Amino acid sequence: DAGVTQSPTHLIKTRGQQVTLRCSPKSGHDTVSWYQQALGQGPQFIFQYYEEEERQRGNFPDRFSGHQFPNYSSELNVNALLLGDSALYLCASSFGGSAYNEQFFGPGTRLTVL
Amino acid sequence: GDSVTQMEGPVTLSEEAFLTINCTYTATGYPSLFWYVQYPGEGLQLLLKATKADDKGSNKGFEATYRKETTSFHLEKGSVQVSDSAVYFCALASNQAGTALIFGKGTTLSVSS
Numbered sequence: 001d002a003g004v005t006q007s008p009t010h011l012i013k014t015r016g017q018q019v020t021l022r023c024s025p026k027s028g029h030d031t032v033s034w035y036q037q038a039l040g041q042g043p044q045f046i047f048q049y050y051e052e053e054e055r056q057r058g059n060f061p062d063r064f065s066g067h068q069f070p071n072y073s074s075e076l077n078v079n080a081l082l083l084g085d086s087a088l089y090l091c092a093s094s095f096g097g098s099a100y101n102e103q104f105f106g107p108g109t110r111l112t113v114l
Numbered sequence: 001g002d003s004v005t006q007m008e009g010p011v012t013l014s015e016e017a018f019l020t021i022n023c024t025y026t027a028t029g030y031p032s033l034f035w036y037v038q039y040p041g042e043g044l045q046l047l048l049k050a051t052k053a054d055d056k057g058s059n060k061g062f063e064a065t066y067r068k069e070t071t072s073f074h075l076e077k078g079s080v081q082v083s084d085s086a087v088y089f090c091a092l093a094s095n096q097a098g099t100a101l102i103f104g105k106g107t108t109l110s111v112s113s
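Listed in order, the protein sequences are those of chains A and B.
Counting in the numbering used here, the first sequence runs from 1 upward without gaps.
Counting in the numbering used here, the second sequence runs from 1 upward without gaps.
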């Protein structure tokens, strides 16, 4: 079992650009959640996808959007990048969508915005 | 809204020392509580959890007890190893938070031999 995988590992963009991050959930999982972890901070919930729909959204602007595919993999898109978007983006997968179920995290994508 | 507060780090200990990392929470109702660990260059791993008051979660020598009267979930280990060096996050799940986990800011533990 490969666990949760994310790509790319690192990414450097400039302000105003757009970025797409990808996540493949652990085998048997149907739910993907995305978190932003700024340096020295805990992860902050961006949104969750279940059955190909955004189920819940955290306090993030509409520049952050996502998608879930029929195979349960997911993408996170960020438009009009700001310097403050520099962070580690974590994907977590689980089964059934409840936060009470164990969430398995990927290694993250480190995004740097210059 | 619901929140988690952890003690500030870094925590620096010698091998075999006793570890305590404090965590308190604010939540309505009856949240579930978690400790996650993040090793350098890796994602978060669930270390232990507790789902109701007075439950004790334990794993790999780490323990934490869900104390509703003090709204706390402190992480303890009797004898730390160099391999325990990592960042530790306290987190909660609650009905108010919905499908999101609410994390504390994390505490960096550094253990030297």
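Source of the hints: derived by calculation from the structure; they are not laboratory data.
Keep in mind the model is a prediction, meaning the values are calculated, not measured.
Take the hints with a grain of salt, since some may be wrong.
Result set (DSSO-like, lysine-lysine): computed pairs, CA atoms no more than 30 Å apart in a straight line [said to hold, decoys possible]:
(1) B/LYS105 <-> A/LYS26
(2) B/LYS77 <-> B/LYS56
(3) A/LYS26 <-> B/LYS52
(4) A/LYS26 <-> B/LYS68
Not the full set, but computed from the structure, chain A residues with beta-carbon under 8 Å of chain B [claimed, not checked]:
(5) GLY42
(6) LEU81
(7) GLY84
Ideal Cβ placement from N, Cα and C applies to all residues, glycine included.
Checked hints:
no. : hint                 : in the structure
1   : B/LYS105 <-> A/LYS26 : holds (26 Å)
2   : B/LYS77 <-> B/LYS56  : holds (13 Å)
3   : A/LYS26 <-> B/LYS52  : holds (27 Å)
4   : A/LYS26 <-> B/LYS68  : violated (33 Å)
5   : GLY42                : holds (3 Å)
6   : LEU81                : violated (23 Å)
7   : GLY84                : violated (17 Å)
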